[in-house]
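*Asks:* Using the sequences and the hints given, assemble the complete structure.
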Amino acid sequence: MEEKVIKLRQAVEEASPLIHNITNVVVTNFTANGLYAIGASPVMANAREEVGEMASISQGLVLNIGTLNETQVESMYLAGKSANENNVPVVLDPVGAGATTYRTETARNLLNEINVTLIRGNAGEISNLINEKVDMKGVDSKQELTDAVVVAGKAAREFGTFVALTGKTDVVTDGERTYYIKNGSPRLTKVTGTGCLLSSVTSAFLAVGEDDPLEAVASAIAYYGIAAEVAAEKARDFGIGHFQPFFFNELETLDHEEIKQRLSCREEEI
Amino acid sequence: MEEKVIKLRQAVEEASPLIHNITNVVVTNFTANGLYAIGASPVMANAREEVGEMASISQGLVLNIGTLNETQVESMYLAGKSANENNVPVVLDPVGAGATTYRTETARNLLNEINVTLIRGNAGEISNLINEKVDMKGVDSKQELTDAVVVAGKAAREFGTFVALTGKTDVVTDGERTYYIKNGSPRLTKVTGTGCLLSSVTSAFLAVGEDDPLEAVASAIAYYGIAAEVAAEKARDFGIGHFQPFFFNELETLDHEEIKQRLSCREEEI
Amino acid sequence: MEEKVIKLRQAVEEASPLIHNITNVVVTNFTANGLYAIGASPVMANAREEVGEMASISQGLVLNIGTLNETQVESMYLAGKSANENNVPVVLDPVGAGATTYRTETARNLLNEINVTLIRGNAGEISNLINEKVDMKGVDSKQELTDAVVVAGKAAREFGTFVALTGKTDVVTDGERTYYIKNGSPRLTKVTGTGCLLSSVTSAFLAVGEDDPLEAVASAIAYYGIAAEVAAEKARDFGIGHFQPFFFNELETLDHEEIKQRLSCREEEI
Numbered sequence: 000m001e002e003k004v005i006k007l008r009q010a011v012e013e014a015s016p017l018i019h020n021i022t023n024v025v026v027t028n029f030t031a032n033g034l035y036a037i038g039a040s041p042v043m044a045n046a047r048e049e050v051g052e053m054a055s056i057s058q059g060l061v062l063n064i065g066t067l068n069e070t071q072v073e074s075m076y077l078a079g080k081s082a083n084e085n086n087v088p089v090v091l092d093p094v095g096a097g098a099t100t101y102r103t104e105t106a107r108n109l110l111n112e113i114n115v116t117l118i119r120g121n122a123g124e125i126s127n128l129i130n131e132k133v134d135m136k137g138v139d140s141k142q143e144l145t146d147a148v149v150v151a152g153k154a155a156r157e158f159g160t161f162v163a164l165t166g167k168t169d170v171v172t173d174g175e176r177t178y179y180i181k182n183g184s185p186r187l188t189k190v191t192g193t194g195c196l197l198s199s200v201t202s203a204f205l206a207v208g209e210d211d212p213l214e215a216v217a218s219a220i221a222y223y224g225i226a227a228e229v230a231a232e233k234a235r236d237f238g239i240g241h242f243q244p245f246f247f248n249e250l251e252t253l254d255h256e257e258i259k260q261r262l263s264c265r266e267e268e269i
Numbered sequence: 000m001e002e003k004v005i006k007l008r009q010a011v012e013e014a015s016p017l018i019h020n021i022t023n024v025v026v027t028n029f030t031a032n033g034l035y036a037i038g039a040s041p042v043m044a045n046a047r048e049e050v051g052e053m054a055s056i057s058q059g060l061v062l063n064i065g066t067l068n069e070t071q072v073e074s075m076y077l078a079g080k081s082a083n084e085n086n087v088p089v090v091l092d093p094v095g096a097g098a099t100t101y102r103t104e105t106a107r108n109l110l111n112e113i114n115v116t117l118i119r120g121n122a123g124e125i126s127n128l129i130n131e132k133v134d135m136k137g138v139d140s141k142q143e144l145t146d147a148v149v150v151a152g153k154a155a156r157e158f159g160t161f162v163a164l165t166g167k168t169d170v171v172t173d174g175e176r177t178y179y180i181k182n183g184s185p186r187l188t189k190v191t192g193t194g195c196l197l198s199s200v201t202s203a204f205l206a207v208g209e210d211d212p213l214e215a216v217a218s219a220i221a222y223y224g225i226a227a228e229v230a231a232e233k234a235r236d237f238g239i240g241h242f243q244p245f246f247f248n249e250l251e252t253l254d255h256e257e258i259k260q261r262l263s264c265r266e267e268e269i
Numbered sequence: 000m001e002e003k004v005i006k007l008r009q010a011v012e013e014a015s016p017l018i019h020n021i022t023n024v025v026v027t028n029f030t031a032n033g034l035y036a037i038g039a040s041p042v043m044a045n046a047r048e049e050v051g052e053m054a055s056i057s058q059g060l061v062l063n064i065g066t067l068n069e070t071q072v073e074s075m076y077l078a079g080k081s082a083n084e085n086n087v088p089v090v091l092d093p094v095g096a097g098a099t100t101y102r103t104e105t106a107r108n109l110l111n112e113i114n115v116t117l118i119r120g121n122a123g124e125i126s127n128l129i130n131e132k133v134d135m136k137g138v139d140s141k142q143e144l145t146d147a148v149v150v151a152g153k154a155a156r157e158f159g160t161f162v163a164l165t166g167k168t169d170v171v172t173d174g175e176r177t178y179y180i181k182n183g184s185p186r187l188t189k190v191t192g193t194g195c196l197l198s199s200v201t202s203a204f205l206a207v208g209e210d211d212p213l214e215a216v217a218s219a220i221a222y223y224g225i226a227a228e229v230a231a232e233k234a235r236d237f238g239i240g241h242f243q244p245f246f247f248n249e250l251e252t253l254d255h256e257e258i259k260q261r262l263s264c265r266e267e268e269i
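Protein chains in written order, with numbering that gives the first Met the number 0: chain A, 0 to 269; chain B, 0 to 269; chain C, 0 to 269.
Hints in this document: simulated from the structure, not taken from any laboratory. Mixed in with the good hints there might be a few duds.
You can't tell identical chains apart in this list, so a pair holds if it fits in one copy or across any two.
Restricting the straight-line Cα-Cα distance to at most 25 Å, the calculated cross-link-like pairs of lysine to any residue (SDA-like) are [as the list claims (entries may be wrong)]:
1. Lys-233 with Asp-254
2. Lys-189 with Ile-239
3. Lys-189 with Ile-56
4. Lys-6 with Glu-209
5. Lys-167 with Ala-14
6. Lys-181 with Arg-156
7. Lys-189 with Tyr-35
8. Lys-189 with Gly-166
9. Lys-189 with Glu-12
10. Lys-233 with Arg-186
11. Lys-6 with Glu-266
12. Lys-233 with Thr-70
13. Lys-189 with Gln-9
14. Lys-153 with Ser-40
15. Lys-132 with Glu-48
16. Lys-167 with Ser-40
17. Lys-80 with Glu-104
18. Lys-181 with Glu-143
19. Lys-3 with Asp-210
20. Lys-167 with Glu-131
21. Lys-189 with Glu-232
22. Lys-141 with Ile-113
23. Lys-141 with Gln-9
24. Lys-6 with Lys-259
25. Lys-132 with Gly-51
26. Lys-141 with Lys-167
*Replies:* Laid out in structure tokens, this is it:
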């Protein structure tokens with residue numbers, strides 16, 4: 000797995016896939032800079048007049064409902080259908096699903112209308128998509144991890160997608176194979192957009208990982224988590240303001256030795 | 000007062016109030032990260048389909064007209080009315096009131112239609128709200144401070160709100176009691192969104208300071224100013240690019256001793 | 000030329016021109032902070048209800064189509080016409096022209112309807128505006144530089160504007176006089192919005208460089224490139240995450256000696 004993470008990371012740098020993000024206004028800059036840091040090419044385009052064309056020339060499409068509105072949702076449908084027609088993988092980040100009816104329903108409708116490759120969200124968001132009432136504030140206890148696996152698997156089978164349910168332990172599944180990843184840093188939870196950027200980074204790994212896309216998703220999440228761990232160590236004498244630049248440094252130039260030593264990822268079949 | 004500032008700061012961390020921001024596109028990321036730094040939970044939601052629901056589950060609502068448009072203003076009314084119905088305190092940041100007719104009128108209309116708890120702005124913005132023609136580029140001379148107090152008091156009485164008029168000396172008043180705060184750093188004026196973030200930080204302090212909300216506003220402003228002072232000192236060997244990460248560090252972990260030693264806040268009755 | 004760069008830089012600080020940006024949602028914060036760093040006053044306003052009024056009180060207007068949509072384009076026309084009526088210089092940044100039909104056509108229509116002072120873009124964007132099919136991924140070979148000069152000159156004459164075609168070598172021309180600038184750092188290509196901010200910085204220099212506006216454009220680009228060079232050196236022990244704060248530091252306080260020693264700019268007549 001270490002070698003796969005390294006190989007995919009290098010493939011992103013070499014191929015520089017164009018990742019089209021229709022995302023929320025909070026994280027646009029952070030997302031674009033994070034994609035540049037790993038060598039991908041970000042593009043943001045929201046207008047219905049161009050999203051279909053932009054998605055068709057992209058290698059990945061990310062739909063993020065963090066600050067959704069009527070116009071943007073219309074553009075998401077147009078971009079999603081164009082991506083489907085052109086075999087461009089689609090990542091859905093259902094930010095805040097469950098917080099309002101509008102978010103929950105929009106996320107579900109997108110899943111019904113568009114062929115989504117991956118849903119990337121936290122336990123609360125994923126469980127709300129499938130209408131499960133699980134009380135999870137993060138995946139930290141044994142019971143919570145069990146619940147997370149059940150929820151992720153159920154969502155994967157119900158929607159016919161991969162699911163990456165991220166928390167203290169990240170669960171990546173297609174409903175049959177499951178990866179458990181334990182890399183990351185609590186500091187990620189104190190910076191806005193770290194989940195959103197992870198969705199976009201995963202899209203970049205998917206763009207170059209066609210031979211085993213589920214493994215590509217797990218590799219992206221592991222890479223991201225290890226980058227955060229190393230950044231947190233290097234920024235340990237500073238507060239949260241300095242974590243961000245150190246994190247981008249690691250996204251850009253994470254040492255392969257760190258990947259080999261820190262990777263905590265195991266795979267299981269149901 | 001020192002103890003109150005410390006107590007409210009800790010209460011924000013413990014309660015982690017959900018602060019709903021309908022704000023301008025320039026400062027969304029900065030605002031969210033600043034709220035995370037003090038331990039609050041930021042949410043940005045703009046769509047008319049969900050703002051009422053989101054405001055109703057929040058502990059604070061911030062309306063910021065920095066890049067207002069027709070759709071966003073409609074959402075501000077919906078969110079504001081929902082906040083009023085659910086006893087969620089509303090902070091209005093009238094960014095640029097006076098610069099264009101549209102801004103001035105929108106700010107006044109919002110004040111007429113919504114029960115606002117606090118207006119947070121600079122001298123130019125507040126004076127334009129009440130149609131006073133005072134030439135103030137910051138509150139630095141004795142005359143300017145006198146004018147600021149008159150303007151802030153008049154606005155507080157006219158709109159029935161608290162007013163925080165920030166500048167070299169910050170004036171916080173309900174029209175009768177007035178706090179004068181002299182913490183802060185000139186570097187705040189060289190980073191975009193520092194006023195906007197202050198409005199949101201104040202909203203977080205209001206959410207946990209119900210027993211004396213005017214004091215909570217003054218406490219938020221003092222905390223913010225002291226964090227900026229300490230950050231400016233720690234970043235003194237660097238330019239403006241480094242002030243921002245140091246400032247977020249201090250918002251997160253400002254030493255209580257610094258608060259005790261630096262607090263410059265006095266209260267007066269009219 | 001060194002003295003001119005220094006003089007204009009100081010003039011920006013002293014006059015603090017108000018630069019009205021109608022720009023994409025990715026770079027709003029970065030642009031505002033970059034303008035503050037050089038001492039200019041940024042304002043972002045998008046609503047049709049106010050853009051005309053805002054442009055009329057500004058000293059520069061920047062139209063950036065990076066995340067254009069129907070409403071924003073309408074505002075660009077209103078602001079542009081107001082700027083023209085009030086003799087406010089207009090800078091157009093045709094982000095992504097050529098990537099989609101909507102972008103290419105919108106950029107051309109803006110050029111037809113509004114009196115634009117300067118177009119600032121890369122080789123691909125500028126060549127698409129004039130429908131030239133030149134394969135340019137940056138201006139790095141001798142042939143590419145020759146092509147760039149031809150494209151920039153043709154665009155300048157066709158649209159009756161100044162053109163700043165930026166790449167490894169930056170070409171600034173009015174179709175007759177041409178400046179070649181070789182300052183900059185590859186790190187600029189790894190941070191989102193560095194081209195967009197350059198357009199806005201150029202607008203600030205134009206606001207104070209009326210006696211020779213073409214030279215003002217060249218001076219802005221040289222200043223920006225030198226700031227990036229120095230920042231890249233100071234941040235050389237760090238990754239891309241640290242380049243950004245160091246770059247803002249230099250935009251704010253770039254040493255005049257650095258300008259004198261590093262400036263690489265020559266002027267030619269056709």
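*Asks:* Look at each hint and say if it fits the structure.
*Replies:* Here is what the structure says about each hint:
no.: 1; hint: Lys-233 with Asp-254; verdict: both (13 Å within a copy, 22 Å between copies)
no.: 2; hint: Lys-189 with Ile-239; verdict: both (7 Å within a copy, 21 Å between copies)
no.: 3; hint: Lys-189 with Ile-56; verdict: between (34 Å within a copy, 21 Å between copies)
no.: 4; hint: Lys-6 with Glu-209; verdict: within (13 Å within a copy, 54 Å between copies)
no.: 5; hint: Lys-167 with Ala-14; verdict: between (31 Å within a copy, 22 Å between copies)
no.: 6; hint: Lys-181 with Arg-156; verdict: within (24 Å within a copy, 56 Å between copies)
no.: 7; hint: Lys-189 with Tyr-35; verdict: both (22 Å within a copy, 6 Å between copies)
no.: 8; hint: Lys-189 with Gly-166; verdict: within (13 Å within a copy, 29 Å between copies)
no.: 9; hint: Lys-189 with Glu-12; verdict: between (28 Å within a copy, 12 Å between copies)
no.: 10; hint: Lys-233 with Arg-186; verdict: both (12 Å within a copy, 22 Å between copies)
no.: 11; hint: Lys-6 with Glu-266; verdict: within (18 Å within a copy, 47 Å between copies)
no.: 12; hint: Lys-233 with Thr-70; verdict: neither (42 Å within a copy, 44 Å between copies)
no.: 13; hint: Lys-189 with Gln-9; verdict: between (28 Å within a copy, 16 Å between copies)
no.: 14; hint: Lys-153 with Ser-40; verdict: neither (33 Å within a copy, 29 Å between copies)
no.: 15; hint: Lys-132 with Glu-48; verdict: between (39 Å within a copy, 23 Å between copies)
no.: 16; hint: Lys-167 with Ser-40; verdict: between (29 Å within a copy, 19 Å between copies)
no.: 17; hint: Lys-80 with Glu-104; verdict: both (18 Å within a copy, 24 Å between copies)
no.: 18; hint: Lys-181 with Glu-143; verdict: within (14 Å within a copy, 48 Å between copies)
no.: 19; hint: Lys-3 with Asp-210; verdict: within (11 Å within a copy, 57 Å between copies)
no.: 20; hint: Lys-167 with Glu-131; verdict: within (20 Å within a copy, 52 Å between copies)
no.: 21; hint: Lys-189 with Glu-232; verdict: both (15 Å within a copy, 24 Å between copies)
no.: 22; hint: Lys-141 with Ile-113; verdict: neither (34 Å within a copy, 47 Å between copies)
no.: 23; hint: Lys-141 with Gln-9; verdict: neither (35 Å within a copy, 30 Å between copies)
no.: 24; hint: Lys-6 with Lys-259; verdict: within (12 Å within a copy, 45 Å between copies)
no.: 25; hint: Lys-132 with Gly-51; verdict: between (36 Å within a copy, 23 Å between copies)
no.: 26; hint: Lys-141 with Lys-167; verdict: within (11 Å within a copy, 53 Å between copies)
Hints 12, 14, 22 and 23 from the earlier list are contradicted by this structure; the remaining hints agree with it.
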